[in-house]
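Visitor: The working numbering numbers the first residue of the sequence shown as -9 and each following residue consecutively.
In short, the hints are calculated from the structure, not lab data. None of the values given here were measured: they were computed from a predicted structure. Glycine included, each C-beta is placed from N, C-alpha and C at the ideal position. Please note: incorrect hints may appear among the correct ones.
Unchecked claim - Pairwise CB distance ranges (calculated):
#	residue 1	residue 2	range
1	Thr116	Ala137	22 to 28 angstroms
2	Thr149	Thr116	19 to 25 angstroms
3	Gly124	Arg74	41 to 47 angstroms
4	Arg113	Leu141	22 to 28 angstroms
5	Ala81	Val171	31 to 37 angstroms
6	Lys39	Leu59	31 to 37 angstroms
7	Arg113	Pro90	18 to 24 angstroms
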Amino acid sequence: MVVGAALTAALALGALPGIAGSAGPAPASVIDPTTFQSVHVPASSATEKTVAPLDGAFRAAGWIDSSTLLTEPGKEPKRVIPHRPHVAVPAAHGGSAQKPPRYELSGYATFYGHGTTAMRLPRGTTIIVCGAGGCLERVIGDYGPAANAGLGRIIDLYTPDFFDICGCPSWEGTTWVTVSVY
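Based on the provided sequences and hints, a complete structural model is requested.
Guide: Next up, the structure:
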């Protein structure tokens, strides 16, 4: 073990000066400028080539040059100026495309400020609510009314909708409505 360490140290000392670069720099060599010669490359020399004219024997029978007039015999076509067509528009008629409701309910409506229309129907059901002030089409978005349903309350309306249908002053709390379910 000691012998191996001593041998390694001796080899390292012997090799270290060469690896560390103990030799001095080599002197710069001087190149004589007369040893360079100029070389002429024939591919880069400018030579002009001339292109011979085309052989007339291979020319087509209907060849065109700068003096050829390009026209076709015939008359100028008759110009027709189109007129706007006369269209008869059918008269407007009144009608309704509303399908009949599945059923109708009548009862009291109340209001609440939740922003939706609440009724004991599945959400997404389309209804038309009519009262003394007019009618509105709405989509059910909540379940209700939960309070006092036994007193004939069938629908809870968003507050602005309630007063549009009711046509009553703001101190009224209920109004009689007819609800058409679609």
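Visitor: Determine for every hint whether it applies to the structure shown.
Guide: Evaluation of the provided hints:
no.: 1; hint: Thr116 - Ala137: 22 to 28 angstroms; result: 25 angstroms, holds
no.: 2; hint: Thr149 - Thr116: 19 to 25 angstroms; result: 21 angstroms, holds
no.: 3; hint: Gly124 - Arg74: 41 to 47 angstroms; result: 45 angstroms, holds
no.: 4; hint: Arg113 - Leu141: 22 to 28 angstroms; result: 24 angstroms, holds
no.: 5; hint: Ala81 - Val171: 31 to 37 angstroms; result: 35 angstroms, holds
no.: 6; hint: Lys39 - Leu59: 31 to 37 angstroms; result: 35 angstroms, holds
no.: 7; hint: Arg113 - Pro90: 18 to 24 angstroms; result: 23 angstroms, holds
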